[in-house]
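Protein chains in written order, with our numbering: chain A, 1 to 282; chain B, 1001 to 1436.
It should be emphasised that the hints constitute simulated quantities derived from the structure, not laboratory data. Beta carbons are placed, not taken as given, at the ideal position from N, Cα and C, and that holds for glycine. Certain hints may be false.
What the hints assert, rightly or not - EDC-like mimics (lysine to aspartate or glutamate), calculated; alpha carbons at most 16 Å apart, straight line:
1. B:1108 x B:1410
2. A:121 x A:223
3. B:1431 x A:36
4. B:1246 x B:1180
5. A:139 x B:1190
6. B:1431 x A:145
7. A:71 x A:217
8. B:1246 x A:145
9. B:1164 x B:1176
10. B:1149 x B:1270
11. A:139 x B:1189
12. B:1430 x A:36
13. A:178 x A:94
14. B:1247 x B:1104
Said to hold, decoys possible - Label-pair distances were calculated between CB atoms; the ranges are:
15. B:1347 x A:265: 54 to 60 Å
16. B:1270 x A:138: 15 to 21 Å
17. B:1381 x A:138: 52 to 58 Å
18. A:22 x B:1192: 52 to 58 Å
19. B:1155 x A:109: 56 to 62 Å
20. A:10 x B:1103: 40 to 46 Å
21. B:1295 x A:268: 52 to 58 Å
22. A:22 x B:1103: 42 to 48 Å
23. A:22 x B:1412: 39 to 45 Å
Each chain is listed here by its residues.
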Amino acid sequence: MSDLTIRNLFIIPTIAFLIIFNIFPLLYSLGYSFTDFRASTNAPANFVGLQNYHYLLTDPFIWRNFTITAKYVIVSVTGQVIVGFGMAMLLNRDIPLKGLITTLLLLPMMLSMAVVGLFWKLLYDPSFGIINYGLGLGKFEWLADPDVALYAVALTDIWMWSPFVMLLSLAGLSAVPKHLYEAAEIDRAGSFYTFFRITLPLVAPIVMIAIIFRTMEAFKTFDLAYILSSQPTAELIAIRLYKMAFLEWQTGMSSAFAYIVLVMVVAITNIYVKYLNKVKER
Amino acid sequence: MKAKITGLLAGAAMSALCVTSAMAEDLVIFWAEWDPANFLQELVNEYEAETGVSVTVETTPWSDFQTKAFTEFNARGSAYDMIVGDSQWLGAASTGGHYVDLTDFFKKHNLGEVMAPATVKYYAEYPGNSGTYWAVPAEGDAVGWSYRKDWFEDPAEMAAFKEKYGYDLAPPATWDQLLDIAEFFHRPDENRYGVAIYTDNSYDAMVMGVENAIFSYGAELGNFETYEVDGYVNSEAAVKALEDYKKLYSYTPPGWAKAFFVENNQAITEGLAAMSMNYFAFFPALLNEATNPHAANTGFFANPAGPTGAQHAALGGQGISIVSYSNNQEEAMKFLEWFIKPEVQKRWAELGGYTAHADTLSSEEFRQATPYNEAFYQTMFKVKDFWAVPEFAELLTAANQRLYPFIVGDEGTAQETLDALAADWHATFKKYGRVE
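Full structure from sequences and hints, please.
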């Protein structure tokens, strides 16, 4: 078997898989996004041009969903970076049972989103939830309060995904050459200076990668928010998209919506990647 | 050798034919996962014993029911021969070509007379008053109420209530009384709360709860003939109804922001609330001492009348339809012929199903069979339903988006909420060319 045949044997199935399950549906749904198609009817799809996009971009409810999602992404990803990086800093030193502690800290991100959602729903319960009991908050309604529900969901997401940021940060921290710290110590550099001039610049690229991944994931969050809260103030775009596509069966409209979300995720990711490249160049 | 191969092929062909034949006799009914589906499975086992045709009742949780059913419809799948679908699906499923037209079957068996009028109107006919039928009323249901008899009959409570409100403590006959009683029993310090109502906005739960108030206050969701909504769903009566529903929410237990049938039954089984709203189909669990320690002290009443004396309730329940893509339509039709027999409907009621069969429903035997059957019987003649148009899900989404922030989030006023809802619904009807 020639090298070319072996290469083709490995590549062709993957390409075929990508075309059938990714590229084709992507293009097909792009076509649907310009129609009034509803999968629940036998009626043919009629071309409506940009009408769906216009409707969605002028619908105040959709903009509310985008605003909610933006808030959620900012709170959740910022929280994960602060907590995750903080934990990595603590673990990046010689402490007893370091391996065991690291493994235990990684457990939340290994759980299923649905399980985490159901557990945290119990933890937040105003009558018997341990959070209110522990904080002495009486019967405070975390998930029913319209001003708090979104932050309660974000807090759960921070708990679940901070370990991911911690893991990547830890890898970055352990890769920082020790002699830089030794040199800084000889120069009598303070810990503040060492952190901002040595640690952070060297770890920043890998933390940026964690931020890119977490932003993309937070933007797409569905299950956690769907399980935890009914509050319209916590209705993320993925939930609205699901309802539009599979409860209301507005197939054409929801395809357009999905494309708007896709463009936004790609745009945000591109901004991050550009920034990442800048950080790397420094 | 050739003879052997021929024999093998013949055997294989015979086996294939037998398998096909056996499969043709297997019927699958799709329904939501709840007690009535279990009762139906028991009933159809008797059909199998009679005819040799096996019928399986396949279920899925309520939260997935609509999505799963329509996904199968959209794929033109033949996984289900019949479906016990929600009343509001009628428009979407019939105009989408997913249901078999049962008009001839309906007329042949005079089902318009045989079944209770409300069930024919809401579970079977689409469009309204068209004389075209798509389902056989199968499980009648409506929203009713359960309450703690021991709390209501406690002499000390009765005296205190009379002193405070000036009339005797008893199951409420009006919404004003319902509000008074809810307020009276609402004692968070004692972990005792006034009432449990529907607040889950993920599908139709909260809207059905609000409908209970709106219909009994004499208001309507709109004009079902002309699709006008302004002046109906935001009328003075509807506004008052919504205000009172919100008032009821303030008497619910903590964490009652996403409550549906499970939570509302728990409000009684866990001794949390004095009264709880729920579909009648969920009441059997409240009489079972294994699931409700207060079973002996649980009573039931129909949705109370509003200020004008109008008394209505939100319709639940479903009709059974034949799926257009089924390969066993003829067999399914035979099953329906069996299902509508009076003796089968009687047996259906005995097993726990809420028959829509008018004679069985009105029989003394049925009405006395459980403590809630009388309330159910009374209610089934006063039910009203949500829009059954193909775009019902969009109307439901708008209702959830408008009502929930007001009821649970304390945002805006009832008038603003319903004005906005009327505008949303009008825009949706306009989008589908139903209004100018």
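Mind checking the alpha carbons of residue 71 of chain A and residue 217 of chain A for me, to see if they're no more than 16 Å apart?
Given that 16 Å is the threshold and the Cα spacing comes to 14 Å, the pair holds.
Given the hinted pair residue 1164 of chain B and residue 1176 of chain B, is their alpha-carbon gap at most 16 Å?
Within the cut-off at roughly 14 Å; holds.
Assess, step by step, whether the Cα of residue 121 of chain A is no farther than 16 Å from the Cα of residue 223 of chain A, and give holds or violated.
holds (13 Å)
Is residue 1246 of chain B within 16 Å of residue 145 of chain A, Cα to Cα?
holds (15 Å)
Does residue 1180 of chain B sit within 16 Å of residue 1246 of chain B, going by the straight-line distance between their CA atoms?
holds (14 Å)
For the pair supplied as a hint, residue 139 of chain A and residue 1189 of chain B, confirm whether the alpha-carbon distance does not exceed 16 Å.
The given pair, whose Cα atoms are some 11 Å apart, holds under the 16 Å limit.
Hinted pair residue 1431 of chain B and residue 145 of chain A, Cα distance within 16 Å:
violated (34 Å)
Satisfaction of hint between residue 1104 of chain B and residue 1247 of chain B, Cα-Cα up to 16 Å:
Cα-Cα ~48 Å, so violated.
Just to be careful, I want the Cα atoms of residue 139 of chain A and residue 1190 of chain B compared with a cutoff of 16 Å; is the pair within it?
Answer holds: residue 139 of chain A to residue 1190 of chain B is near 13 Å, not above 16 Å.
Per the hint of 42 to 48 Å, is the separation of the Cβ atoms of residue 22 of chain A and residue 1103 of chain B within bounds?
holds (45 Å)
Are the Cα positions of residue 178 of chain A and residue 94 of chain A separated by 16 Å at most?
Status holds; Cα separation ~14 Å.
Does the beta carbon distance between residue 22 of chain A and residue 1192 of chain B stay inside 52 to 58 Å, or does it fall outside?
Check passed, 56 Å falls within 52 to 58 Å.
Against the hints set out earlier in the document, violations occur for numbers 1, 6, 14, 17, 20.
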